[in-house]
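For chain F, the structure is supplied; the task is to place chain C on it using the hints.
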Amino acid sequence: MGNLSTKIIAVITAILIFISLYLIFGYARTEGTMLEVQKIFYYHVSAALTVFVAFGVNCVFSLKYLIQRKPDDDLLAVAAAELGVIFCTVALLSGPIWARYAWNTWWNWEARLTSTLVLWLMYVGYFILRSALEGDKRRIYSAVLGIIAYLDVPIVYYAVDIWQGGLHPDRGTKWSLETTMRYTWMVALLALIMLFIFLLIIRYRMKKTEARYEILQQKYLEETSG
Amino acid sequence: MKIAVLASFVVVLALFIFATQVPVDITPEKVSAAVSEAISQSEVPVDEEVVEQAVKNSITILEKGQRTRLKYLAAAYIVIWLVFMLYVLRLGQQQQQLDQRLAQLEQTSNGEE
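Chains as they are written, first to last, in numbering that gives the first Met the number 0: chain F, 0 to 225; chain C, 0 to 112.
Chain F extracted, bound-state conformation (with noise of 0.2 Å):
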């Protein structure tokens, strides 16, 4: 993708964030039971949505690394996992300030919150995992391990459903919003997934600079020494 492209990408993201901001705080109908702090839903829910395409990405470029062996599949799955674990931040350090006011806790072991947490912490480890190894074997094993993480989405998904009785509310409630709520939580949505995306090339292209880099130390310190 050229510079271009990519600045294209960044004007629009800038401008849909901005648009979605704008939407938040001065379109959306204020929500009658929470009030303003309702107003947490836009980019809470929308992290964590993308949070799901980013490792979606991870998982589908990790089985076509396995499929191929393209060091370059092996580099985007990494940004995407980088990224994945960025939004998944986001949406577990933004939902205890929302539940604090709305459940009274800041945190609560029920099945969304406790399954989010399993899938940050188990992308973490695919880092982990990634440090202590070398060359194929490195991204080889984080590969399989990207596929295995990924099956954690679809629990998370689910989860309100699996096991009900939790204090999310159920997967549909946001599909059921009044309509100015609904149209600004998907502008709010968009303008995060263009993040992503255009964090994505960022991070890619960085992906490939350094590995780059290491081929021409490498060439570099070959030479030398022969």
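By construction, these hints were calculated from the structure, which means they are not laboratory data.
The beta carbon of each residue, even a glycine, is placed where N, CA and C say it ideally should be.
Hints may contain errors.
Claimed, not checked - Subject to a maximum C-alpha distance of 20 Å in a straight line, what follows is the list of computed EDC-like cross-link-like pairs (lysine to aspartate or glutamate): (1) F:Lys207 - C:Asp98; (2) F:Lys206 - C:Asp98; (3) C:Lys63 - F:Glu30.
Stated by the list, open to error - Partner residues aside, some chain C positions facing chain F, computed with beta carbon under 7 Å: (4) Leu69; (5) Leu72; (6) Ala74; (7) Tyr86; (8) Gln94; (9) Leu104.
Claimed, not checked - Distance windows between CB atoms, simulated: (10) F:Trp108 - C:Gln94: 38 to 44 Å; (11) F:Asp135 - C:Arg100: 20 to 26 Å; (12) F:Thr179 - C:Gln99: 47 to 53 Å; (13) F:Tyr26 - C:Thr26: 39 to 45 Å; (14) F:Ile161 - C:Arg100: 45 to 51 Å; (15) C:Gln96 - F:Trp108: 38 to 44 Å.
Okay, now just chain C, sitting in the frame of chain F:
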């Protein structure tokens, strides 16, 4: 890049403050009007001062609740933005270091040629 990220944070923060600092639209005139209306509609004799005090107390409680909610809202959005901002700043730093390392390697290999 650092300036752009910091600027975006400041703009978002300013937008947030602007949007959430909308004053509660309850003026003393409105309070007096509401009290007068309540008294005129009441079928039993009421003490105007007591009603006015009760309304004022209710407003204070409402405003306190709103301030608390806005604090939670502000905290959540600041945390969200901080995570993204710190990540982007770290990316910028890493890119800078990588560029330096590449330039250094090129310089070294050119010097030896």
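Results of checking the hints against the structure:
Restraint check: the Cα-Cα separation between Lys207 of chain F and Asp98 of chain C comes to about 12 Å, which is no more than 20 Å; the hinted pair holds. Among the hinted pairs, Lys206 of chain F with Asp98 of chain C is consistent with the structure: their alpha-carbon atoms are about 12 Å apart, no more than 20 Å. With a C-alpha separation of about 18 Å, the suggested pairing of Lys63 of chain C with Glu30 of chain F holds against the 20 Å cut-off. This hint holds: Leu69 of chain C has a C-beta 6 Å from the nearest C-beta of chain F, less than the 7 Å allowed.
Interface restraint check for Leu72 of chain C: the shortest CB-CB distance to chain F comes to about 5 Å, inside 7 Å, so the restraint holds. The criterion of a C-beta within 7 Å of any C-beta in chain F is met by Ala74 of chain C, whose closest approach is roughly 5 Å, and the hint holds. A hinted interface residue such as Tyr86 of chain C counts as satisfied when its beta carbon comes closer than 7 Å to some beta carbon of chain F; here the least separation is about 5 Å, so the hint holds. The closest approach between the C-beta of Gln94 of chain C and any C-beta of chain F is roughly 6 Å, which is under the 7 Å cut-off, so the hint is satisfied.
The interface hint given for Leu104 of chain C holds, since its Cβ lies 6 Å from the closest Cβ of chain F, which is under the 7 Å cut-off. Between Trp108 of chain F and Gln94 of chain C the C-beta distance comes to about 40 Å, which sits within the given range of 38 to 44 Å. Restraint check, Asp135 of chain F to Arg100 of chain C: a C-beta distance of roughly 24 Å satisfies the suggested window 20 to 26 Å. Checking the proposed 47 to 53 Å range against Thr179 of chain F and Gln99 of chain C shows it holds: the Cβ atoms sit about 49 Å from each other.
Restraint check, Tyr26 of chain F to Thr26 of chain C: a C-beta distance of roughly 25 Å breaks the suggested window 39 to 45 Å. Between Ile161 of chain F and Arg100 of chain C the C-beta distance comes to about 48 Å, which sits within the given range of 45 to 51 Å. Between Gln96 of chain C and Trp108 of chain F the CB atoms are about 40 Å apart, so this pair conforms to the stated range of 38 to 44 Å.
Checked against the numbered hints above, the structure violates only hint 13.
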